[in-house]
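A.B. asks: One line per chain: the protein sequences are H and Z, in this order. Position 90, counted from 1, in the first sequence is what our numbering calls 90; the numbers after and before it change by one each time, with no gaps. Position 107, counted from 1, in the second sequence is what our numbering calls 107; the numbers after and before it change by one each time, with no gaps.
No lab work stands behind these hints: they were computed from the structure. Please note that the accuracy of each hint is not assured.
The calculated label-pair distances, taken between Cβ atoms and stated as ranges, are [unchecked claim]:
| # | chain 1 | residue 1 | chain 2 | residue 2 | range |
| --- | --- | --- | --- | --- | --- |
| 1 | H | D523 | Z | K2 | 26 to 34 Å |
| 2 | Z | W33 | H | P502 | 55 to 63 Å |
| 3 | H | K444 | Z | G40 | 21 to 29 Å |
| 4 | H | K444 | Z | D28 | 14 to 22 Å |
| 5 | H | A568 | Z | D28 | 55 to 63 Å |
| 6 | H | K444 | Z | K226 | 47 to 55 Å |
| 7 | Z | N185 | H | R137 | 36 to 44 Å |
| 8 | Z | G161 | H | A323 | 48 to 56 Å |
| 9 | Z | K30 | H | P136 | 40 to 48 Å |
| 10 | H | R11 | Z | Y56 | 32 to 40 Å |
| 11 | Z | D123 | H | T558 | 47 to 55 Å |
The structure presented is a predicted model; accordingly, all values stated were derived computationally and were not measured. Yeah, the Cβ is synthetic: ideal placement off N, Cα and C, and Gly gets one too.
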Amino acid sequence: MSVIDAAVLVRHGLKPDEYDRIVSLLGREPNLTELGLFSVMWSEHCSYKSSRVHLRTLPTTGPRVLQGPGENAGAVDIGDGLAAVFKIESHNHPSFIEPYQGAATGVGGIIRDIFTMGARPIALLDALRFGPPSEPRSRRILQGVVRGIGGYGNSIGIPTVGGEVMFDETYSGNPLVNVFCLGIAKHEALVKGRASGVGNPVYYVGAKTGRDGIHGATMASAEFDDKLDEKRPAVQVGDPFMEKLLLEACLEVLTTDACVGMQDMGAAGLSCATSETGSRGEVGVEIDVVLVPQRETGMTPYEIMLSESQERMLLIVKRGREADVERVFEKWDLHAVRIGEVIEEQVLRVKENGVVVAEVPNRALADEAPVYKRPFHEPANRRELQQIPAGELQAVQKPQDAFLTLLGTPTIASKRWIFEQYDHMVRTNTIAAAGASAAVVRVKGTQKALAMSVDGNGRFVQLDPRQGAKLALAEAARNVACAGGAPIGATNCLNFGNPERPEIMWQFAEAVAGLGEACRALDIPITGGNVSLYNETDGKAILPTPVIGVVGLIEDATRTLTRKFPEAGLDIVVLGENLGELGGSEYLKSIHGLVRGVPPVLNLEREAAVQRLLVDWAARGLVRSAHDCAEGGLAVTLAECCFETDGVGADVDVAPAAGDGGFDRLTATLFGESATRVVVSIAAGQTAEVLAQAAAAGVPATRIGSTGGPAVRISVGGATVIDCALKAAEERWATGLEAWLAGRAA
Amino acid sequence: MKFAVVVFPGSNCDHDAYHAAKHVLGQDAKFVWHKETSLGDADVVILPGGFSHGDYLRTGAIARFSPVMAAVRQFADAGRPVLGVCNGFQILLECGMLPGAMLRNRDLKFHCAFVHVRVEKTDTPFTLLATEGQVLKLPIAHGEGNYYAAPEVIKDLEASGRIVFRYASPEGEVSDDSNPNGSVNDIAGICSEQRNVVGLMPHPERACEHAMGSSDGLLLFESVVKSLATQSTLQAVGK
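Chain Z extracted, bound-state conformation:
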């Protein structure tokens, strides 16, 4: 499997995503510069965390105009897996590949800490190895992770089962106490209608090795590898 990690000039979790895919998972991985117009032989695309173009305007607001994003959209439209982490999630929102917007954290402070999220849906390529309700320990590191969307959008997201992760207690209890940033309905991550585009604020790539405090994030990477393997097997047997 080939992971493509898109590099915007201000990406700073690009190396971490690459490291997780290449060195922890042992998969093939490459960087794709934001000025490229093609993703080449990528099987899965990661939009990493960081401050894509400085983000002095709104987070991700300028990144949507990077040449590579046309290719990312095409890739996603073809039903292939795209993961946006933190700033990558913000970019997916800005370019309309996922609905909603990010507000500043409700206490107006940047937060870097481990949190817990509950996996709500296992029918995305990044969660298929999880069980519904499974709790993952993942770090967050953001100042603008307070997810917001209009009430009718939220209603639609809930109804169509597109809320993939919610902030929760270590026991899986969803409550305001476990919500680090004020996100509406405790949303930590969502997916597209086709379910192949997933965005989340926590950093699974930072939680792939025990020495880093948690290896729960591996689940997202292993899931997509499994998803791709299943697909290629299906293709090989001509289904």
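With the rest of the complex left out, here is chain H:
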């Protein structure tokens, strides 16, 4: 008789019709252990059951793509026989419950995904979202997350080279921690997470298994409520030293040619690693749980299979080569234990002391989770959100005051307080770190460098999901191009609310459609990523936040560009058109407290042209710096180009914006966030050539002034409207975040 009743199903996050599907796949009722396997493997986190139908529409192939979605991480060719292996993943829910460990294990998880592919991880970036730092709880979460990221990354010795942070009330009860990792591998060294060769031994390596993290994947697939503290045991505890040993040992063992497959134990632990390797390899895996190294006594097969203890890997070893593998792990003082073998029957068979305690077809777990075409519709308040009550909103501050206010807002202010807590230089590859448009690391042994950027403005996505997602991809790619990198691949982390609500599902569907459209237009394939749904607390969803990570290839590392004006006396040219668009802008949010309006328009053809020009000009040394125009508009962008230089100011005179959206034209001109705009500096003698090439490519380009002087001086139509000492502006920007964190700003 079955012990499984309605209450057991609820605890496992399974719906009655999902249970019926399990019974029909098995041809019998599952036992509790088997139910546990299904509950984690069919969780939203592992199965993508709500998102799969949409994700299928994304472009995932291209001449450089060596590995698309479906493995532990994507891989693209960067020449010289090398591959860039990268992925982004979320650890949102754990980071809210326990900020330090949640963030730390998020870093650990994505690093394992990269070295499981056979790649040496060389760079980390983080996209973080928090509630306003005026809230004590949000400050505490931010400080914990930053310490957790540093604690793990610094110790393991992979530099955290960049990322971005934004703040909004909707993240107060549900912060976002998205971690991107990139590694380098030789093409022939790329490994897959699949089992093969019947009779080949299956090895368990790394840390022992405990009761931590049981049902972590299920937790990550539910909303939060007031029972938060009860969920704390579902957050794992990270051990970066163990991961460092595991990283070195795994990369060393891969040089022996004794492994046929490797898979990390992340979400859903052993269940996922065994069933996925079997399913991908079209074979089966049989293990005996008593052989699994355990750090607690009396663990049941159920607990062992569902544990999400960190820093563990599964290896499929060639029969007869066991000694080669064991020798390497012994050197690093790690467990390497044979727990089972590859079998012909395509099942996951779990034994306890030789007695079968669970037996489930791999495919049922890994591939036959239900696929939901969840209903969706436009939210009722969409039209209202897109209206800005412009007539009622007077310019409440003088342009110069608004300029200074914006420089000090937590989203725009310098993130030095954060990134100085990260080791961003270890491995001596970092050419441009946090604070640049894109982070750039060189690839030792070649002339090349890789530029990386993660971006995603949730305000734009909230106001128009399709347009917002396009803008996110375009911005990440533009940032990479500003450094001189040709975008060659992207990874996405899609953070949304509860997909069972039709208006959230609509946001998701629209965003994925927009992302696909932009990827096709800019010819950037998506090679993998992660979906994080149920980002809600007490029924309130976050801003829909697709975070896009783009990787760009710089052929000559010495040609890397940054945002900073390198010297005085250069011409300043702005590419693109100022349409004075304030919808979803930082200005509206910071000055008027509003997330309203229509996001900026995006001409994808022009976007592609601008990015091609930037890459070409950088390679030829024609421009000296480049910076994307984003939050805070042209005024803030110009100031940012002056910051952290040797006191190089700017003096420009720009034409009024082509539109004003009902606002006063001056505000729209200075702080509007029209897309596809880039501020470049050019040696005076070469400006004509740059302008001519822009014109030939159909890209508007205007010389607006020159670098130098002790101030940021901006005139509009000949009248000076901002004339601020660079020192004062930079002081506001440099100390803005710290002031918020110390509770000084409001």
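Here the structure of chain H is known, so what remains is to put chain Z in place on it, guided by the hints.
C.D. replies: Same frame as chain H, now just chain Z:
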């Protein structure tokens, strides 16, 4: 010249030290695993940065028991050059090859940033190409770099000229404002009585190429190469 870079399981600046010696300087270099008991044909030993054994206890506390450390001590006792960088410095303190201890940074935060240090002494194998008072731009990356020793030890270090580097402004002004971690007397690096063992918190190996933001760290590597070359010349002419 052969640089030996000791690798503890949690070392993470080992590759950077190796890269600086081998690829930037063009010298011979090798890794020595911490379980080895001999340094072989090494001419100079580097204890690199990182988290030697996880450092959950005190930084470097367990590394002193690694088998290789007996060989490192012997090497140092013979008057041959040993450089401890960051975690390597912490290990030298833990095993008593240099005096003092590290506390957590005074603001309790990890710091990774470029700082400036003033070279106080040029009579060590790692600073002989410097001029006294020369300012170097080097990065730090540590959570526990707040150097402490008992007052009488500090007095002795000062009196015997064993403070090799002090945190300073870019102009060479030593003041609390330039001290990133609270180290007593703004100490960034010290040497042994014999002057051949040098430990410092900043990372010279990270500052050997212009593209990395500074090449001032090369001075330490070039100095030791010069020091060794001078010695072997002296030996060759039978002095």
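A.B. asks: Now tell me if each hint is right for this structure.
C.D. replies: Results for each hint:
no. : hint                           : result
1   : H:D523 with Z:K2: 26 to 34 Å   : violated (49 Å)
2   : Z:W33 with H:P502: 55 to 63 Å  : holds (60 Å)
3   : H:K444 with Z:G40: 21 to 29 Å  : holds (26 Å)
4   : H:K444 with Z:D28: 14 to 22 Å  : holds (19 Å)
5   : H:A568 with Z:D28: 55 to 63 Å  : violated (45 Å)
6   : H:K444 with Z:K226: 47 to 55 Å : violated (26 Å)
7   : Z:N185 with H:R137: 36 to 44 Å : holds (41 Å)
8   : Z:G161 with H:A323: 48 to 56 Å : holds (55 Å)
9   : Z:K30 with H:P136: 40 to 48 Å  : violated (53 Å)
10  : H:R11 with Z:Y56: 32 to 40 Å   : holds (35 Å)
11  : Z:D123 with H:T558: 47 to 55 Å : violated (38 Å)
Taken one by one, the earlier hints fail for this structure at numbers 1, 5, 6, 9 and 11, listed in ascending order.
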